[in-house]
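Student: Residues per chain, in single letters:
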Amino acid sequence: MIKFQNVYVSFPAKGKNIEAVKNVSFDIKEGEIFGIVGTSGAGKSTLLRTINLLQRPTQGGIFIKGKEITNAKGEELRKLRLEIGMIFQQFNLIHTKTVFDNVAFALKAAGKSKEEIQKRVPEVLELVGLSDKTFVYPSKLSGGQKQRVGIARAISNNPQILLCDEPTSALDLETTNSILDLLKEVNEKLGITTIIISHEMNVIKKICDRVAVMSDGEVLELDNVFNVFTTPKHEFTKSLVNHTINLDLPSRLLHDKDKRILKIVYSGDRAEESVISDTVKTFDVHLNILHGKIEYITNKPFGVLIVQLDGTAANVIKAENYLKERTFKVEVINDRI
Amino acid sequence: MIESNYGELLDNLIVAFKETFLMCGTSIGLSILLGVPLGLFIFITSKGLFWKNLVLNFIGGFLVNIIRSTPFVILLVLLIPFTQFVVGSTIGPVAASVPLAIVAIAFYARLVENSLCDVDKGVLEAAIAIGASNFRIVKDVLLPEALSGLYRGLTVTAVSLIGYSAMAGIVGGGGVGDLAIRYGYYRYQTDVMVITVVLLIILVQGIQSLGDFVAKKADKK
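Chains as they are written, first to last, in numbering that gives the first Met the number 0: chain A, 0 to 336; chain B, 0 to 220.
In short, the hints are calculated from the structure, not lab data.
Be careful, since some hints might not be right.
[Claimed, not checked] Output of the computed footprint for chain B on chain A, the stretches with three or more beta carbons under 8 Å from beta carbons of chain B:
#1 73–80
#2 87–93
#3 105–113
The beta carbon of each residue, even a glycine, is placed where N, CA and C say it ideally should be.
Given only the sequences and the hints, what does the whole structure look like? Please build it.
Tutor: Quick look at the structure:
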C-alpha cells in the first residue's frame with residue numbers, strides 16, 4: 000500500500016544539516032494498523048509527514064499503491080491529499096467553525112455538493128459518537144471529543160489512508176483508550192490503512208498489527224507487535240518494552256533469601272497451559288510467585304512471572320529445566336539453591 | 000480669555016464632527032478594502048505554506064514601512080501632487096482623506112499581517128493536509144481564524160486615524176482636532192479645547208469598546 004524506498008529527510012538548521020530520517024525503506028500493508036514508535040526527535044513524525052508530502056523527502060521515493068508520489072505538485076498533490084486523512088496531537092480544528100462546519104470543510108475541499116455535505120456530516124459524526132455536538136464550537140469540547148471531530152474530518156472523504164500524528168499524546172489514559180478503540184473500529188469498518196505514531200509502547204500494543212521502532216532517524220527493527228514485545232532485538236527496543244512491562248523487585252527479595260529466583264517468560268498459546276501447577280506436582284518443589292503480569296498483545300497472551308523455587312537442589316534444577324522446556328524463556332535472577 | 004459663544008461653538012462642533020467622520024470614515028473604508036489584501040499579500044508571500052515569493056514580499060513590506068516611517072505631517076505635504084491628481088483639489092476634508100487613507104492602508108496592512116501570523120500553524124497545516132485549495136484555505140480558514148485580530152487591528156487603526164486627522168487642518172481638512180487647535184490653542188479658548196478633547200475621549204472610548212465587543216464575539220478560542 001505504502002512503500003518507503005531509501006527515504007532521507009534533512010533540514011538545514013543553524014548552519015548544519017540535520018538528518019531527521021536516514022535511509023528508511025519498508026512497506027505498509029493495505030488495511031493494517033502500522034505503528035511507528037520512538038522517542039521524541041527520532042524522526043517518526045517527519046517520516047509520517049512524507050506520506051502526504053507535508054514534508055518532502057530530500058532523497059528516496061514514496062510509493063502509494065505502486066505509484067510514485069514523491070514529486071507530486073499542485074492539483075495532483077491536492078487530489079492525493081484528499082485520499083489521505085490525517086489527525087494531529089493538538090487536533091488542529093478550525094476554532095471559528097462549529098463541529099459540523101469543521102467536517103463540512105473537508106467535504107467542500109473535495110468539491111462535494113451542499114446536499115452531499117448535509118447527508119455525509121451527520122453520518123461521520125454518528126460514527127465517531129458526536130451527534131449531539133454537531134453545532135458546538137471546538138472550544139466547548141473536551142480533548143477526546145476534539146480528537147473525535149479530528150477523526151470525523153479525516154475520514155469524511157473516505158480516504159484509503161489515515162495518518163495519526165501522536166493522536167493520544169495530549170489525552171489522559173481513559174480518553175486515550177477510547178480514541179484508540181475508535182481508531183481500531185474505523186480501521187475495521189472502513190478498511191483504512193492506518194499509520195500511528197507514538198512515543199508510548201502502550202498505544203502500539205493496544206491497536207497496532209506491526210510496528211517500526213525508530214531512533215535517531217533510523218528504523219532499528221520492524222516486526223509484528225507481538226514479536227517486538229516478546230523478543231525485542233535491539234537494546235533500544237528492549238528498554239522501550241521494559242518500560243511497559245515493568246517488573247522491579249525490591250532488593251530485599253532478590254538477595255536476602257537463599258532461594259533460586261527465576262524470571263519466566265511465556266507467550267502465545269503456551270501461556271494458557273498449566274505449566275506452574277504441573278511443575279509443582281511433578282518435581283515436589285515449592286514455587287512462590289513474587290511478581291507477575293500477563294499482557295494480551297494482538298489477542299495473544301504474553302506473560303512474565305518472577306518466582307522463587309524451593310526444594311532439594313536436584314529437584315530445583317529439574318524443575319528449572321522443565322520450565323525452560325515448557326515456556327518461552329527462563330532467566331535466572333538469583334542462582335542460589 | 001475671549002468669552003465663548005456656545006451656540007456658535009455647537010455649530011462649529013457639528014461641522015467639525017462631520018468632517019472628522021468624513022475623513023476617518025473614508026480612510027477606514029479604504030483601509031479595509033485595500034489594507035486587508037495588502038496585509039494578506041505580505042503574509043502569503045512570506046510563508047512556505049502558500050505562494051512564497053520573497054521579492055514580492057520585500058517590495059510589499061518595504062512600501063508599508065516607507066509610509067509608516069514618514070511623519071504624517073510630512074506625508075500630508077509630500078502627497079499634495081498625488082491628492083491633486085486623485086480628487087482634483089488639495090484642500091478640504093476630501094483632499095485630506097487621501098493621505099489619511101494611505102497611512103491607514105499601510106498601518107492596517109501591517110496589523111492584518113500580524114493577525115494572520117498569529118493564526119495557529121497547525122490549523123493551516125491540517126487544512127493543507129485535507130487537500131483544500133489555497134483559495135479555500137484563505138477564505139475558510141485563514142481569514143476567519145484571524146477575524147478577531149482583524150477587528151482589534153481595525154479599532155487601533157480607527158483610533159490612530161482620529162489622532163492623525165487633527166493634523167489635517169494643515170491642508171484645510173477641518174475636523175474636531177483642528178477645531179481644538181484653532182480655538183483652544185490659537186485663540187486661547189481653553190473651554191473650547193476642553194470640550195472638544197472630552198468629546199474626542201468619549202468618541203475614542205466608544206470606538207474602542209465597540210471594537211473590543213466585536214472582536215470578542217468573533218473570538219471562538
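Student: The stretch 105–113 of chain A covered by chain B? Criterion: 3 or more residues, Cβ-Cβ distance below 8 Å.
Tutor: holds (count 4)
Student: How does the stretch 87–93 of chain A fare against chain B when you require at least three residues with a CB closer than 8 Å, holds or violated?
Tutor: Holds: 5 residues of the stretch 87–93 of chain A have a Cβ under 8 Å from chain B.
Student: Quick one: see if chain B covers the stretch 73–80 of chain A, three-plus residues with Cβ-Cβ under 8 Å.
Tutor: holds (count 4)
No hint from the list above goes unmet by this structure.
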